[in-house]
Structures are given as structure tokens and as C-alpha cells.
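*Asks:* Residue strings, one per chain:
There are 4 protein chains.
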Amino acid sequence: MTDFNTYDCVSPLDFRYYLPDERMTDLLGDYVSEAARVRSEARVEAALARVLARRGICSQAVADEITAAAESVTPAEVAEEEARIHHNIRALVNCMKNYVSDEAKPYIHFTFTSFDVVDTATAWRLKNAAHEAVIPTLMDLERTLIAITRRDAETLQVGRTHGQHAVPITFGFAMAEYVSRLGRRIELISRSADDLRGKISGAVGAYNASSLLIADPEEFEREILAELGLEPSTHSTQVVEGEFVADYMHALISAFGVLANLADDMRHLQRTEIAEVAEEFQANQVGSSTMPHKRNPWNFENVKSMWKQFVPRMQTIYADQICEHQRDLSNSASQRFLPEIIVGLANSVLRMNRIMSRLVTDTDKMRSNLAMTEGMVTAEPAYILLAAYGHPDAHEAVRNVTLEAQQTGRPMGEILFASEELRPWLDQFTDEQRGIILNPATYTGISAPKAIGVCDEWQSRLSL
Amino acid sequence: MTDFNTYDCVSPLDFRYYLPDERMTDLLGDYVSEAARVRSEARVEAALARVLARRGICSQAVADEITAAAESVTPAEVAEEEARIHHNIRALVNCMKNYVSDEAKPYIHFTFTSFDVVDTATAWRLKNAAHEAVIPTLMDLERTLIAITRRDAETLQVGRTHGQHAVPITFGFAMAEYVSRLGRRIELISRSADDLRGKISGAVGAYNASSLLIADPEEFEREILAELGLEPSTHSTQVVEGEFVADYMHALISAFGVLANLADDMRHLQRTEIAEVAEEFQANQVGSSTMPHKRNPWNFENVKSMWKQFVPRMQTIYADQICEHQRDLSNSASQRFLPEIIVGLANSVLRMNRIMSRLVTDTDKMRSNLAMTEGMVTAEPAYILLAAYGHPDAHEAVRNVTLEAQQTGRPMGEILFASEELRPWLDQFTDEQRGIILNPATYTGISAPKAIGVCDEWQSRLSL
Amino acid sequence: MTDFNTYDCVSPLDFRYYLPDERMTDLLGDYVSEAARVRSEARVEAALARVLARRGICSQAVADEITAAAESVTPAEVAEEEARIHHNIRALVNCMKNYVSDEAKPYIHFTFTSFDVVDTATAWRLKNAAHEAVIPTLMDLERTLIAITRRDAETLQVGRTHGQHAVPITFGFAMAEYVSRLGRRIELISRSADDLRGKISGAVGAYNASSLLIADPEEFEREILAELGLEPSTHSTQVVEGEFVADYMHALISAFGVLANLADDMRHLQRTEIAEVAEEFQANQVGSSTMPHKRNPWNFENVKSMWKQFVPRMQTIYADQICEHQRDLSNSASQRFLPEIIVGLANSVLRMNRIMSRLVTDTDKMRSNLAMTEGMVTAEPAYILLAAYGHPDAHEAVRNVTLEAQQTGRPMGEILFASEELRPWLDQFTDEQRGIILNPATYTGISAPKAIGVCDEWQSRLSL
Amino acid sequence: MTDFNTYDCVSPLDFRYYLPDERMTDLLGDYVSEAARVRSEARVEAALARVLARRGICSQAVADEITAAAESVTPAEVAEEEARIHHNIRALVNCMKNYVSDEAKPYIHFTFTSFDVVDTATAWRLKNAAHEAVIPTLMDLERTLIAITRRDAETLQVGRTHGQHAVPITFGFAMAEYVSRLGRRIELISRSADDLRGKISGAVGAYNASSLLIADPEEFEREILAELGLEPSTHSTQVVEGEFVADYMHALISAFGVLANLADDMRHLQRTEIAEVAEEFQANQVGSSTMPHKRNPWNFENVKSMWKQFVPRMQTIYADQICEHQRDLSNSASQRFLPEIIVGLANSVLRMNRIMSRLVTDTDKMRSNLAMTEGMVTAEPAYILLAAYGHPDAHEAVRNVTLEAQQTGRPMGEILFASEELRPWLDQFTDEQRGIILNPATYTGISAPKAIGVCDEWQSRLSL
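Chains as they are written, first to last, in my numbering: chain A, 1 to 464; chain B, 1 to 464; chain C, 1 to 464; chain D, 1 to 464.
Just so you know, the hints here were simulated from the structure itself, not pulled from any lab data. Keep in mind that this is a model prediction, so the values were computed, not measured. Worth double-checking, as some hints may not be accurate.
No distinction is drawn between identical chains; accordingly, a pair holds when it is met within one copy or between any pair of copies.
Computed list of lysine to aspartate or glutamate pairs in EDC-like fashion (alpha-carbon distance at most 16 angstroms, straight line) [as the list claims (entries may be wrong)]:
hint	residue 1	residue 2
1	K97	E280
2	K365	E219
3	K97	E82
4	K97	D393
5	K365	E103
6	K97	E396
7	K97	E81
Work out the full structure, taking the sequences as your base and the hints as a guide.
*Replies:* Structure representation (C-alpha cells):
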């Protein structure tokens with residue numbers, strides 16, 4: 001079917017987030033579409049032919065013919081044949097046979113069962129989608145976050161817990177959290193992608209067919225998969241056991257969670273009253289259909305929303321681990337939806353990188369927000385130091401000072417150092433410690449060097 | 001974008017289950033595609049214009065112009081304009097304005113905020129998709145199930161609990177379960193569809209804009225929604241609160257669960273060793289790419305698989321109930337995926353009806369399977385009757401008879417009636433009761449009349 | 001096992017949220033504990049005995065004996081017997097028999113299968129938990145919300161969309177959203193609780209056993225269930241079909257979503273920079289172990305957190321709709337967890353009512369927050385009115401005025417009315433309309449009367 | 001609260017699956033109960049004291065006092081104090097102080113924030129629960145599965161795909177699937193447990209407090225965590241980022257999926273018509289309250305049911321990855337439920353090991369089931385060999401032979417070798433190949449050696 005347009009589609013991926021976005025189709029076209037599925041399946045048949053030739057079972061000319069057929073066969077042909085015979089892999093095989101000589105025909109799908117092709121091709125697509133598309137875009141985002149972290153390593157900001165002002169940090173330190181978390185997810189995605197497995201073990205996994213003709217069917221399997229950069233599992237049935245894909249999808253979904261958290265943090269920092277960051281706005285962009293002044297964090301909201309759409313899909317993947325006996329087909333339709341997760345994630349990563357690389361930050365607002373409660377920040381170091389110098393109930397002592405500061409409006413540090421009761425401990429404070437109490441904005445711990453250290457570590461670990 | 005084919009899509013709905021299936025696009029095309037979204041949104045603008053004319057705020061000619069524009073505006077135009085201004089509803093409004101006179105222009109989107117249009121149009125699409133597509137196909141399936149139930153109301157089958165033979169029923173009785181469960185879901189879908197709400201209450205739900213110009217903005221809202229067959233909620237913000245859609249989707253998803261259960265039952269009854277039912281096979285259909293003799297229950301497996309894909313999406317819908325203050329946009333992308341649930345369910349309903357209406361049943365196999373354990377079936381009625389006639393520990397007494405039957409291979413009934421110990425109670429059995437013990441296959445309770453009664457009730461309740 | 005303390009428990013419900021809280025155990029003790037399960041199952045046996053007596057199958061004295069036994073039997077006895085025979089309902093039956101004469105023994109569990117008792121008792125507990133515990137506490141919360149709504153019906157607040165200031169509302173209007181949403185959930189919980197069904201239809205649902213001895217087994221079932229205030233389903237197997245419980249749990253879970261949304265709104269309004277509301281703090285309460293000045297919205301956070309714990313459990317309930325043939329037991333362990341959802345929700349409702357009834361609101365902060373962007377609020381009404389009076393591109397015109405206001409810092413209204421270009425339309429503004437533009441804080445639409453109207457409606461609908 | 005019994009609990013874990021089962025409490029008591037939480041948190045305070053002493057900040061005597069206090073403090077004390085001050089970690093600290101001298105008091109919780117303790121203690125409990133409880137029980141199950149695999153490596157069974165007979169395997173081969181899948185999950189659980197992280201970085205993660213007094217706060221953190229066998233994350237906020245726990249729980253939940261699949265396979269093999277395996281039945285066990293002859297796979301059903309209860313909880317864990325800014329508390333209540341997942345899994349592993357180690361297998365029934373369709377098994381090897389020897393459309397040729405076999409009832413092999421049309425290819429068959437066609441039961445591929453090989457590999461990898 002070719003005479004339709006994207007608006008006839010029902011999936012927002014197809015009509016909105018993937019097909020109309022050339023950046024997306026360029027990045028993912030070889031891995032996520034139905035056409036990509038067919039091409040990758042044909043590629044498995046070609047890998048078989050090359051191994052057969054190497055082993056002298058067929059001639060190199062036959063292998064070349066089949067390899068060429070794998071490149072020529074079109075999704076449209078296969079779909080048409082499937083409509084006739086109601087079996088998608090047999091349809092592919094039939095179509096490929098049309099491209100080759102009678103001599104070559106028997107070597108297409110030779111000793112294979114359908115899911116030798118399907119599961120191996122799926123592993124190939126998922127693995128390469130990770131390495132060629134998902135990880136590179138995540139690396140771009142990682143670079144962007146590192147740049148912000150380095151730039152704002154010393155930019156004062158209030159640390160917030162429970163939405164309340166806590167003690168000061170730097171904005172770079174806050175961003176370093178995401179450098180670290182995203183870095184670790186990139187490593188996990190890479191590792192789990194490399195651990196995806198193919199299988200060439202026949203209809204029930206016992207190599208019944210291949211062992212008819214091949215003396216060393218497990219070695220035969222290894223050779224075919226090696227052509228595709230894959231390894232076999234220890235034990236497959238008709239299908240590869242579900243754990244490899246589950247691990248991979250867990251890596252993607254948990255990476256999505258990191259994005260969603262970053263998006264939420266940015267959304268809230270963009271609240272009118274907080275206003276420490278903002279999405280860049282284009283000149284002719286409409287913020288609201290009725291409130292022309294609005295500047296909404298709609299891209300961050302979109303990332304959060306996509307996360308909500310995709311995270312529940314892990315339930316499907318866990319359900320698909322269960323496959324009766326040597327397999328049932330109740331994971332077949334559901335597995336066709338797997339590439340959607342990649343598309344959803346990649347869309348959010350690209351979007352996030354675009355927004356973060358143009359993030360508007362207002363460091364004055366960060367300082368003035370911090371100033372709102374700066375006086376109270378003293379409470380924590382005061383309590384810690386009093387305790388360190390031996391006060392037996394420092395927390396309660398400082399809580400009382402705090403209450404007085406709230407009631408009188410006087411700075412907490414001033415009240416503290418005026419206390420006769422606390423004198424024996426206050427006298428032990430070093431100048432630097434006293435300085436922090438009297439200048440709460442300096443109470444940022446190791447925010448700045450930590451931020452830089454995190455960047456250094458991940459640039460090194462990820463070779464950025 | 002028009003120069004692509006379905007194989008470039010990433011969603012299996014688009015390339016496999018919806019777009020290539022004319023039955024599906026005919027049924028759902030007005031409700032689930034992106035084009036349908038745009039058309040329904042334009043329809044809300046037209047409803048506004050008609051109400052404005054009726055109230056004398058604009059002329060009837062203006063309303064007619066706008067109504068015509070709503071029918072003329074194309075999704076492609078709107079997409080192009082959105083690419084320019086990054087706001088989809090403002091894009092629609094701009095495009096519609098191109099179709100009308102300057103006099104009419106101000107009355108498009110008059111006092112509206114974007115989500116007056118979006119949420120109202122969504123309610124319209126979901127409601128009509130239920131009544132025009134989902135429910136009619138479910139009714140077809142219900143009719144099919146009723147036909148099987150009536151036909152096989154007296155067909156003996158063993159009842160199974162825990163996969164073990166329990167006591168006899170009839171196949172019609174087993175199917176009546178699904179007549180009843182599906183009937184009840186049809187009622188719930190209908191009820192929850194009728195309870196979907198629109199909203200014309202402005203940017204924060206307080207009718208700020210409309211009350212500038214309209215003395216009775218809630219009545220104004222009611223009139224516009226009435227044009228579309230909808231009612232307003234008691235209280236909306238910028239958006240309709242999530243519960244109405246959640247109730248509707250719960251109805252759909254729980255109906256999907258009934259289909260999945262039916263599919264599982266059929267799959268298991270099709271197991272080689274059980275073989276009481278089978279999917280019909282077409283002459284040129286390939287069952288397996290390597291095992292030509294196989295007859296797989298692949299349609300039933302597909303229904304189960306689709307259920308696994310769609311049931312987790314309720315998590316997204318529950319998450320989307322949460323919308324900060326007068327709304328955040330973190331439910332926007334996720335809600336674009338809602339129509340997919342309708343498509344997934346409708347596909348499974350059509351498939352199920354196709355398969356069930358040609359279901360191959362083997363009543364001989366049902367009888368011979370029952371015969372495997374018929375002798376043991378006596379245990380339950382024997383125990384019940386002994387207890388009824390006053391035996392103080394009938395369950396234990398019969399368990400011992402059962403053990404003897406298993407050890408000796410003699411029929412349970414024979415051993416029972418030979419027992420001197422049990423004589424005082426056995427003598428009280430009526431002839432009919434004694435007959436059931438000696439002819440266990442008659443121990444079907446009220447299976448047959450119950451099956452018929454269930455059909456009668458649901459045909460009446462659903463006016464089938 | 002009685003010699004342990006709550007700290008040995010693994011469930012936070014048991015060691016933290018339910019057992020140590022007398023308010024919770026008083027409210028829910030009859031419905032959610034294991035003891036409640038046993039008592040309610042015994043109650044089903046007693047209902048049977050009373051119907052048997054009424055029909056003359058056993059004497060009234062026997063029925064009285066069994067009713068007394070149902071009240072005497074203890075969970076500890078039943079557990080001990082179950083440990084011996086590995087069947088919980090047979091254990092209950094055995095234990096009850098110990099309390100009655102030999103004459104009465106046969107009438108306990110007479111014609112029943114285990115799940116006649118289990119499912120009927122579950123329906124009884126869930127239904128009564130709703131009416132006696134969940135709904136009353138929700139009604140208390142509804143009253144609290146109505147009181148706030150009425151009190152603050154005219155309290156100015158800025159409406160927020162996307163976390164950005166939009167146009168003004170009143171705080172009462174914002175709270176009315178929750179009055180409406182919660183009211184509707186209370187109605188749904190009540191309706192779905194009333195629709196829970198029991199079943200007395202035997203081992204496979206065909207009344208095999210009861211029809212041996214009872215001429216009208218469906219009427220017999222109805223009579224027993226009526227003793228418990230329940231109705232039978234149209235068609236049960238060994239178990240009641242899962243939809244009734246699914247509908248009920250959907251009602252609870254979607255009510256939980258309303259609470260979670262309210263909690264999120266309050267959390268964000270309590271942010272240090274916004275500070276419009278706050279949880280009340282007790283005098284000796286520790287806000288943070290290290291930051292004595294903190295006032296955290298920890299109760300609101302707790303409600304959100306409990307919601308995250310319980311909402312995914314709908315997945316289990318949907319999975320439990322699937323029950324093979326006349327039933328498998330794969331829903332047995334999972335259904336034992338159902339009462340936890342009630343406990344989790346009730347805990348959050350009680351907590352929310354406690355916090356909301358002592359909510360600290362800062363109306364000065366609401367006004368000063370609104371003042372931050374008051375000047376911009378004019379944009380929407382200006383655009384609406386210009387459009388209403390015929391300006392062909394009012395949105396764009398006002399967007400330009402807005403930009404000028406941002407650049408010059410002059411009030412939007414002032415710039416607008418100074419515009420020569422817009423004069424033809426501005427001249428048509430009424431005094432009231434002009435007043436709104438110049439005094440943006442009055443642009444609250446029908447916030448106040450709407451808030452009152454919502455309270456009136458729900459007080460009437462819920463008879464509060 | 002100590003005067004209650006387990007029947008007052010609402011969690012089935014507490015009243016049924018954990019507390020009453022000494023095997024469970026022995027195994028998990030140190031890791032999953034509330035008491036275990038308190039003890040492990042005290043242990044973190046003790047680790048701090050030891051490091052302070054080693055660094056000369058406090059004396060060794062003080063460290064010894066605090067270490068003793070950590071062992072003495074009771075959950076009941078802490079709960080009582082928490083009821084007073086509403087802060088659980090401050091309550092712990094207060095209680096510990098009661099056990100030590102004034103000199104030691106300041107060093108309890110010295111520079112700590114609450115979640116330094118909470119998150120570190122949680123990591124300690126989860127890590128040790130894996131290594132001391134979950135993995136050892138999984139290893140026991142793995143040993144049991146290996147024993148069955150080795151014993152039945154050559155036991156013929158039919159391979160089943162789609163519930164249909166496919167081609168033969170051995171029962172040992174079928175079980176080897178689970179040896180392999182479970183082995184791999186054990187490795188992942190171990191790896192993810194070792195990767196759990198603690199944190200001693202203060203209120204917002206920037207070491208604000210510790211850097212007041214400690215020159216090298218990151219080294220200080222490392223030393224304290226090393227006392228507990230843990231490492232710090234690259235970057236924490238007030239809390240450890242959610243990914244470590246998510247990875248760990250993914251490992252557990254996906255291991256649960258393997259158990260659920262095994263349980264389903266066994267349930268279906270126990271169906272009355274298939275009857276190849278059965279759960280062992282104890283002499284005085286009641287199978288059904290009304291059908292004394294039943295032998296239900298109720299333990300396998302229980303495992304499936306527990307899986308349904310716990311797998312959706314990953315949604316909570318993914319939601320808890322999101323933590324606003326330097327943290328909000330909306331993951332606090334939900335994380336209290338984490339140990340339940342360990343309890344649920346451990347219960348199922350113990351149950352599965354108990355059942356599998358006494359699994360009743362009926363090898364005669366395996367053979368007779370295989371015999372039902374043995375004649376058809378020939379189809380696959382016939383097609384494969386014809387293709388291998390050059391037949392251009394072997395699949396279609398054999399499908400026709402199959403149809404003839406079905407219509408005539410003659411063995412497939414006989415018809416095949418009688419075919420004149422296929423003669424040119426049949427003549428090339430080796431004797432061994434011809435033997436397989438005529439004796440289909442030998443068509444098991446490398447089932448037996450593969451089964452043994454899988455056992456060898458996993459015994460070696462897991463050092464069993």
C-alpha cells in the first residue's frame with residue numbers, strides 16, 4: 001500500500017515523531033521499520049549462504065546469488081506473498097527464490113526454522129540500533145550536559161529537598177548528577193546490546209534439522225551468527241529466551257527514567273516563581289493559543305509524557321518471558337512493538353539534547369532565590385560543628401536558635417555567636433568554619449570540584 | 001509527507017494491523033487516525049460557530065462559512081502550518097481562516113483555548129469509536145458466541161479446573177461464560193462512552209475568556225457540546241479531568257481481558273492431546289516454515305499477544321490522571337497514543353469473530369476425553385449425597401472409595417454401592433441420584449438450560 | 001503464631017501503616033485481615049444453614065448451631081488444621097464441625113465447593129469495606145475540601161498551566177476541582193461495590209452438586225447470597241468472573257489518582273518560592289535530621305508515594321481476569337493481596353483529610369505571586385475582545401503588544417489602550433471589559449460562583 | 001505493639017508466606033523485616049564510629065560504645081521515639097544516645113544526613129539478602145534442575161510449539177532450558193547486588209556537612225562504606241540515584257519470570273490428557289473440597305500467581321527513579337515495600353525447589369504422547385533433506401505427502417519413499433538419514449548431548 005499519507009496512520013510515532021522527522025528516519029531507518037525487519041531477515045539468509053559456501057556445501061557463486069537476492073528483495077513483494085500464504089518468513093523465502101537460479105534455491109533457509117531468522121534478525125537490529133543510533137545520541141546529550149556542568153561548576157544555586165530550600169550547591173553540581181546517571185546508563189545499554197543473542201537451532205532448539213546434514217550444528221550456528229556479529233545463547237528453544245531482550249529493554253527504559261527526571265527538574269526550575277532556567281523560544285513560536293505571553297516548558301513536558309507512554313511496556317516484555325514448552329506464539333504480535341520503544345527513547349534524547357544545548361539559565365535568579373533562605377542555611381553547619389566540638393544535643397540547641405531567628409528576623413549566625421550558653425563550643429570553631437556560618441553562600445561543600453571530577457571521570461570512561 | 005509506503009512505518013498497527021486492512025480502516029478511519037483528529041477538531045470549531053449564530057453573535061452565513069471550512073481544511077495544511085508556528089491548534093485555526101471571509105475570521109476559536117478543542121474532539125472521537133466501531137464488532141462476536149452456545153448447549157464436555165478433569169459440563173455451558181462476560185463489558189463500554197465529557201471553559205477552566213462576552217458561559221458550553229452529543233463535566237481545568245477517559249479505557253481493557261481468556265481456553269483445547277477445537281485452516285496456508293503438518297492456533301495466540309501489548313497501557317492512563325494545578329502538558333504526547341488501544345482491541349475482536357465463527361469442534365473428542373476420567377466424576381455426587389443423607393464425614397469416606405477405585409481399576413460407583421458400611425445412607429438415594437452415580441456423564445447439573453438461559457438474557461439485554 | 005511483634009513483619013502496611021494505627025484497625029479490621037477472611041467465610045456457611053432451615057432441609061436448631069459455630073471458630077484453629085490437611089476451606093469446615101452436633105455436621109458446606117465460600121466471602125468483605133470504611137473516610141475528606149472551597153471561593157490566586165502563570169482564578173475554584181473529581185469517584189466506588197457478586201454454583205459453575213438435591217439451584221443461590229446482601233452473576237464457573245472485582249479496584253485506584261494529584265498540587269504550592277500553602281507542623285516535630293529549619297510536605301509526598309506503590313497492582317488484577325477453562329488457581333495467591341489496596345487507599349485518605357483539614361494557607365502570598373505577572377494577564381482578554389469586535393488577527397496583534405510590554409516594562413493595558421492601530425476595536429469595549437484589562441486581578445471568570453456551585457451540587461448528590 | 005497475632009495482618013506475606021514459615025524467617029530475617037531495617041541502620045552508625053576512631057576523631061573506646069549501642073538498640077524503642085518526634089532516623093539516633101556516654105553522643109550520626117543512613121543500610125540489606133538468601137536458594141533449585149536434566153537427558157518427549165506436537169526432543173533437553181536461563185539470572189542477580197551503592201554525602205550530596213570537618217570527604221565516605229562492603233556512586237544527591245536498585249530488582253523480577261515459565265510448563269504437562277509430570281501428593285492432603293480424586297498442580301499455580309503479584313512492582317521502581325532536584329520524599333513509602341519482592345521471590349524459589357525435587361515424571365506417558373503424531377514428525381526431516389539434495393520446492397512437495405498421509409492414515413515415511421517423482425533426491429539419502437525418516441522417534445537432534453553440555457557449563461560457571 002503506497003497511496004496514503006502519514007495522516008492516515010494511527011501511531012503518533014508514525015505520523016508525528018518518526019516519519020516526518022528526517023533526523024529520526026536517517027538515524028533509525030535501518031533498524032526500526034517494517035522494511036528494516038525484512039532487510040535484516042534477508043541478511044540472515046545471506047549469512048547462512050556464505051557459511052554454506054565456506055564449508056563447501058554450496059558454491060561461492062550460489063552464496064553470491066543469495067547475498068544479492070537478500071539485497072534485492074523488497075518488503076512489498078514479501079507482504080504480497082504473505083497475503084497469499086499467511087506466513088511471513090516462508091513468504092520471504094519464496095520471494096528470495098525468485099531472484100536466484102534453481103541451483104541456489106535449496107540453500108535459502110537451508111535447515112532453518114522461521115525463528116532462526118526472526119530472532120537472529122531482531123537481535124541484529126536491536127544491537128545495531130543501540131550502537132549506531134541510541135548510544136551516539138545519548139553521547140551527544142552527555143557532551144551537552146558535561147558542557148553545562150563545567151560552565152556552571154561554580155554557579156551558586158540553592159539545593160532543594162522536598163521542594164524546600166535545603167543547603168547551597170552549584171548548578172554544575174546539580175547537572176553532574178545527570179552526567180553520572182546518564183553515563184552509567186550508556187554503559188549498561190552498550191553492555192546489554194552486546195549481550196543480545198541469535199539462534200540457529202531449529203524448530204525446537206535441538207538442532208534436529210541441522211544435525212541431519214551438519215556434523216557440528218552448534219559450531220555451524222556460531223559461524224552464521226558470527227557473520228552478523230552475534231553469539232548464540234547457551235540454550236534456545238524455537239526462540240531465544242526472553243531475558244536478553246528484557247535486559248536490553250530494561251537498560252533503555254531505565255535510561256528513559258533519567259531523562260524524565262531531568263525533564264521534571266527543568267520543568268520545575270522553569271516555574272514562574274523560580275525561573276532559574278527556561279527553554280529557548282523561537283521568534284515566531286506560539287506559546288499558547290490564548291495567552292500570548294506564556295513560555296511553556298513544553299519540550300520537557302513532552303519527554304515526561306513519552307516516558308509515561310513507554311515505561312509500562314516493560315510489563316509486556318516481562319510477560320513475554322513466558323513462552324510455553326518449546327514456544328508458543330503469544331509473544332509474536334507483542335514483540336513487533338519492540339522497536340517503538342527505541343523510537344520513543346531516541347526522540348526524547350534528540351529533543352532533550354536540542355533543548356539542553358540551548359538552555360537559558362538565569363544565574364541572578366539562582367542567587368536571589370538562594371538569598372531568600374540564606375540565613376537559615378546556617379542551621380546545618382552550626383549544628384554539625386557544635387556536635388563535632390562536643391555539644392551533647394546540638395540539633396535541639398540549633399533548632400531553638402532557628403526559632404529565634406524566625407521570630408526576630410535576625411540572621412541565624414548573629415544569634416548563634418551571641419549565645420553565652422554555646423560559648424564553650426563556639427570558641428573551638430576555626431576561622432574558616434566561622435566564615436561559613438557568617439557567609440552561608442559559601443556552604444557548598446565540594447560542589448564545584450565534585451562537578452568537575454564527575455565530568456572528568458565520564459569523559460574518560462566513555463572516551464568523550 | 002506522502003511519498004512513503006507502509007513498510008517505512010514503525011508501528012505494527014500502521015504497517016500490519018490497521019492500514020493494510022480495509023475492514024479496519026473503514027470501521028475506524030473516522031476516529032483513530034491523525035486525519036480523524038484534525039477533522040474532529042475542526043468539527044468543534046464548527047459547533048461553536050453554529051451556537052454563535054443561534055445566539056445572534058455572528059450571522060448564519062458566517063456559521064455556514066465556518067462549517068464549510070471545517071469540512072475543507074486538510075491535515076496536510078495543518079501540519080505544514082504547525083511546522084511553521086509550533087502550535088497545532090493555532091495552526092488549525094490559521095488554516096481554517098484561510099477558507100473564510102474576513103467577517104467570519106474572528107468567530108473561529110472565539111473565546112476558546114486550545115484544549116477546549118482538543119479534549120472535546122477527543123471525547124467525540126472516543127465516544128463515537130465505541131458506538132460506531134467497537135460495540136458493533138463486539139456485538140457480532142457476541143452473536144457468534146451465542147450461536148455456538150445454543151448449538152452446543154447439550155454437547156458433553158468435561159469441566160476442567162487446574163487443567164484437571166473435574167465434573168462434566170456441556171460445551172455450550174463453557175461458551176455461555178463468554179456470552180455473559182462479553183455482554184457485561186459491552187454494557188460497560190457503552191455506559192462509559194456515553195459518560196465521556198467535553199469542555200468549553202477556557203485556559204484554566206474558570207470561563208475567564210467566555211465570560212467576558214457571554215453572560216451565561218456554562219450554558220454556552222452546554223450548547224456547543226450538545227451540538228456534538230456531549231455533556232460538560234462538573235468542573236474542568238484547562239482540560240477535562242482524567243477519570244472519564246480512564247473509566248472508558250478500563251472498560252476497553254477489561255473487555256480485552258475477556259477476549260484473552262477466551263483465546264487461552266481455545267488454545268489449550270486445541271493442544272494436540274486435547275484436540276476438542278481447532279482454528280479453521282485455509283487450503284494454501286502454511287502452518288510452519290519447516291513442519292508442514294502443523295496446525296497452530298496462531299490467531300488465538302495473536303489475540304493473547306495483543307492483550308499483553310495493550311493491558312499495561314492502563315498505567316499510562318492512570319499516570320495521566322495527575323495534571324499539575326490547572327494543567328501541565330505531561331499528558332499530551334501520551335494521550336496521542338490512546339487511539340492505538342481502540343485499534344488493538346478492534347483488531348482482536350474482528351479476528352476473534354472470524355475464528356470463532358468458523359471454529360472446528362470435535363464433539364467425539366470431547367466425549368472421549370470425558371471418558372478418560374468419567375469413573376472418578378462419581379466422587380463428588382457420592383460425597384454430596386452421603387452428606388445430604390446424614391453421613392458425618394462423607395468427604396473422607398468417598399476419598400477412601402476413590403483410592404480403592406484407583407488401585408483396583410474398578411468403577412467408583414460399583415465399589416460405592418457394594419459398601420456395607422455406607423448402606424444406611426446409600427439406601428436413601430433416589431433412582432435419579434443413583435442413576436447419576438452409575439452414569440457419570442449425566443452429572444452435568446443445569447449446564448444445558450443455564451447455557452440457553454444466559455443466551456436468552458443477553459439477547460434481550462443487548463437487543464440482539 | 002502469636003509471640004512476635006510488628007517489627008518482624010515485612011509489609012509496611014503491617015508494621016507501619018495499619019497495625020500500629022488504631023484508627024485504621026478499627027475502621028478496616030472486619031474486612032482486610034486474615035482473621036476477617038476466616039470470619040466472613042464462616043458467615044457464608046451460616047447463611048447456607050439459615051436457607052437450608054427455611055427450606056426445611058435442616059431444622060432451625062441445626063441452623064442456629066451452625067450460626068453459632070460460625071461466630072466461635074477462630075483463625076488460629078483453622079490455620080492449625082490447614083497446616084495438617086493443606087486445604088484452607090476444608091480446614092474451616094472441619095473446625096466448624098467440631099462446634100456442632102452430629103446432626104448438624106452434614107449441613108456445613110452442604111453442596112458447596114470451596115470457591116462458593118471464598119468468592120462470596122471476598123465479595124462481602126470488599127463491598128462492606130467500601131461502604132463502611134472507604135466511602136465514609138472519603139466523605140470526610142470531601143467535607144473538608146468543600147469547607148476550604150467555600151471559605152476560599154473568592155481568594156485570589158494565579159491559575160497555573162505548565163507551571164507558568166496563566167490567568168487568575170480563586171483558590172476555592174482550584175479546590176473545587178477536587179470536590180468534583182472526588183465526588184464522582186465516591187459515586188463510582190459505591191456503584192461498583194454494589195455490583196460485586198457472590199456465587200453458589202459449585203465446582204464448575206453448573207450447579208452439578210446443588211442440583212442433585214435442590215430443584216431450583218439458581219433460586220437457592222440467590223437466597224443464600226441475599227442473606228449476605230449480594231447478588232449472583234449471570235454466569236460463574238468455579239469462580240466469579242474477574243470483571244466485578246476489576247471494576248471495583250479500578251474505582252479505588254482511580255480515586256487514588258485524584259488524591260495523588262491533589263497531593264502533587266499541594267506539594268508544589270508549598271515550594272519555598274511559591275509558599276501559598278503548607279502542612280501544619282507540630283511543635284516537637286523534627287523536620288530534617290540535619291536541617292532544623294525545614295518544613296517538608298512529607299505527608300503529601302507520602303500520599304504520592306503510596307499511589308506509586310498501588311497503582312501498578314491493576315496489572316495483577318487485569319492478569320487475574322484470565323482463568324483457564326472452569327478455573328485455574330493462578331489467581332489465588334495474587335487475590336490474597338487485594339485487601340492491601342484498600343488499606344493503602346484508606347491510609348492515604350485519612351492522612352489527606354488530616355492534613356487538608358489543618359492546611360495552612362497564605363493568601364497574601366497568593367496575591368503577591370499573582371502580582372508578579374498580573375500585567376501580562378491582560379493579554380488573553382485583550383486578544384479575545386479584539387477578536388470579538390472583529391479584529392482579523394487579534395492573537396498576533398496582542399503578541400506584539402506583549403513583547404513591547406516585556407521590553408519596556410510598561411503595563412500591557414497601558415500600551416494597548418495607547419495603540420492607534422487598534423483604536424477601531426478598542427472603542428467598542430464596554431466599561432466592564434475595559435476595567436478587566438486595566439485591573440487584571442478581576443479577570444477570574446466565574447471562579448467564585450463556580451466553586452460554590454460545585455459544592456452545592458456535590459453536597460446534594462452525596463447527601464453531605 | 002506485641003499483643004497481636006499473625007491473623008490480624010493484612011499482608012499475605014506476613015500472615016501466610018513469611019512469618020509462619022521458619023525456613024523463610026531464618027533465611028531472610030536479617031534483611032527484610034522492619035527490625036532488620038533498624039538493625040542495619042544502627043550498623044551504619046557503628047561503621048561511622050569505627051572510621052572516626054581510626055582517623056583519631058574520636059577514641060576507640062567511643063567507637064566501641066557506639067558499636068555496642070548499635071547492637072543493643074531495639075526496634076520497639078525506636079518506634080516509640082518516632083511516635084513522639086515524627087522522624088525515624090532522628091529517633092534511632094536519640095535512642096542510640098541513651099546507650100552511650102556523653103563523650104560518645106556527638107559521634108553518632110556525626111556529619112550525617114538521614115539518607116546517608118537509610119540508603120546505605122538499604123543497599124547493605126538488599127546486597128546481603130541476595131548473597132545470603134536469594135542466590136543460595138536459587139542455587140539449590142539449579143542443582144535440582146541439573147539433576148533432572150542429567151537423569152532424563154535421553155528420555156524421549158515430543159517437542160511442543162503452539163501447544164502442538166512439533167518434533168521430538170528429550171525431557172532432559174526441555175529442562176536444560178531452565179538450567180541455562182536460571183543460571184544466567186543467578187549471575188545477573190549476583191552482579192547487580194554487588195553493584196548496589198551506599199552514600200555518605202550529606203543533605204544534598206555535596207558533602208556540605210562532612211567537608212566542614214573532614215579534609216577528604218569522598219575518601220571518608222569510601223572508608224565508611226567499605227566497613228559495610230559497599231562502594232559509593234559517582235554522584236549522589238540526598239539519596240543514591242535509583243538505577244542501582246532498579247537494576248537489582250530487574251534481575252530479581254526477570255528471574256521470577258523464568259520460574260513462572262517453568263511453572264506454566266509443568267502445569268500444562270500435568271493436564272489430565274497430557275499427564276507427563278505431576279506434583280507429588282502427600283497422603284493426608286485434600287485435593288479439592290468437593291472432588292476427592294483431584295490432583296491439582298497448586299504449587300505451580302501458586303508460583304505463577306506470585307509472579308503476577310510482583311512483576312508489576314517494577315513500575316513503582318521505575319517511577320521511583322524520578323526524584324525532584326536534590327530529592328523529594330515521594331519514593332519513601334514506596335521503597336519500604338521493596339523487601340516484599342525478595343520475600344515473594346524467595347518463597348517461590350523454595351516452593352519450586354521443593355516441588356521439582358519430588359517431581360513425578362511418567363516417561364511411558366511421554367512416549368505414548370509422542371507416538372500420537374510420530375508419523376508426522378517425518379515431515380520436517382524429509383523436507384530438509386529433499387531441499388539439501390537439490391529439490392527446488394521441497395516444502396510444498398512434503399506438504400502434499402503429508403496431506404496424503406493424513407487422508408490415507410498410512411505412515412508418512414512409507415508414502416515418501418514410494419514416490420517416483422521424488423526418487424532422484426531420495427536416492428541420495430544416507431542410511432542414517434533414511435533411518436530417521438522411518439524411525440521418527442530418533443529425530444531428536446542433539447537433545448541429549450546438548451542437555452549434558454548445558455549442565456556441564458553451568459556447574460562450572462556457578463561452581464556447583
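*Asks:* Honestly, which of those hints from before does the structure not fit?
*Replies:* 1, 2, 5
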